[in-house]
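J.: Sequence:
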Amino acid sequence: MCECVFCAIVKGEKSSHKVFESVDHLAFLDIRPFVVGHTLVIPKKHYDTLEDMQVEEVGLLFKTVATIAPKIVRAVNAHGFRLIQNNGEAAAQVVKHVHVHILPLRNEQRNVFLKRLDLTDLELENIAQKIRESIS
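Heads up: the sequence shown at position 88 corresponds to 88 in the UniProt record's numbering, and the numbers run straight through without jumps.
Please keep in mind that the hints were generated in silico from the structure rather than gathered at the bench.
This structure is a prediction, so every number in the text was calculated from the model and none was measured.
Incorrect hints may have been included.
[What the hints assert, rightly or not] With beta-carbon atoms standing in for the labels, derived distance ranges:
1) Asn77 to Gln54: 35 to 45 Å
2) Gly59 to Val95: 19 to 29 Å
3) Asp118 to Ile84: 29 to 39 Å
4) Glu125 to Lys11: 25 to 35 Å
5) Val55 to Ile84: 32 to 42 Å
6) Phe62 to Arg110: 22 to 32 Å
7) Ala8 to Asn87: 18 to 28 Å
8) Ser136 to Ser15: 13 to 23 Å
9) Thr120 to Glu51: 31 to 41 Å
10) Thr120 to Gln54: 21 to 31 Å
11) Asp52 to Ser136: 14 to 24 Å
12) Gln54 to Asp121: 15 to 25 Å
13) Lys45 to Val112: 33 to 43 Å
14) Asp121 to Val55: 18 to 28 Å
Note that the Cβ used here is the ideal one computed from N, Cα and C, for glycine as well.
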């Protein structure tokens, strides 16, 4: 039985600012984002790390990432994006459920150390709405 926060989001037991959902994947805003539009993409099925997934499943996860990342960039008026995917404690993986971070970045953020933003629930929902409109 999965007891992780991301599994609770998938089951609808915990709220999130969803921006995309398919049969196998879910994308939602990070609640402590590094940048506006910082999105997490997860498989709905629980896996601790990429090593636990079949190669084909990893490919489908990254296909979803590649599909929605440019749309997120457009929605928040960014210029590009960075992907981060951490595996295991040594790699600073905080939630033990596979997830890919999409960080839409502006040119002026290229060499800047990114700090977590403190956005309200309303601000996050407004951002999520813009992204959902861009994706649909």
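J.: For every hint, state whether the structure bears it out.
T.: Hint check results:
no. : hint                        : result
1   : Asn77 to Gln54: 35 to 45 Å  : 37 Å, holds
2   : Gly59 to Val95: 19 to 29 Å  : 22 Å, holds
3   : Asp118 to Ile84: 29 to 39 Å : 20 Å, violated
4   : Glu125 to Lys11: 25 to 35 Å : 20 Å, violated
5   : Val55 to Ile84: 32 to 42 Å  : 20 Å, violated
6   : Phe62 to Arg110: 22 to 32 Å : 23 Å, holds
7   : Ala8 to Asn87: 18 to 28 Å   : 21 Å, holds
8   : Ser136 to Ser15: 13 to 23 Å : 21 Å, holds
9   : Thr120 to Glu51: 31 to 41 Å : 37 Å, holds
10  : Thr120 to Gln54: 21 to 31 Å : 39 Å, violated
11  : Asp52 to Ser136: 14 to 24 Å : 31 Å, violated
12  : Gln54 to Asp121: 15 to 25 Å : 36 Å, violated
13  : Lys45 to Val112: 33 to 43 Å : 35 Å, holds
14  : Asp121 to Val55: 18 to 28 Å : 38 Å, violated
Taken one by one, the earlier hints fail for this structure at numbers 3, 4, 5, 10, 11, 12, 14, listed in ascending order.
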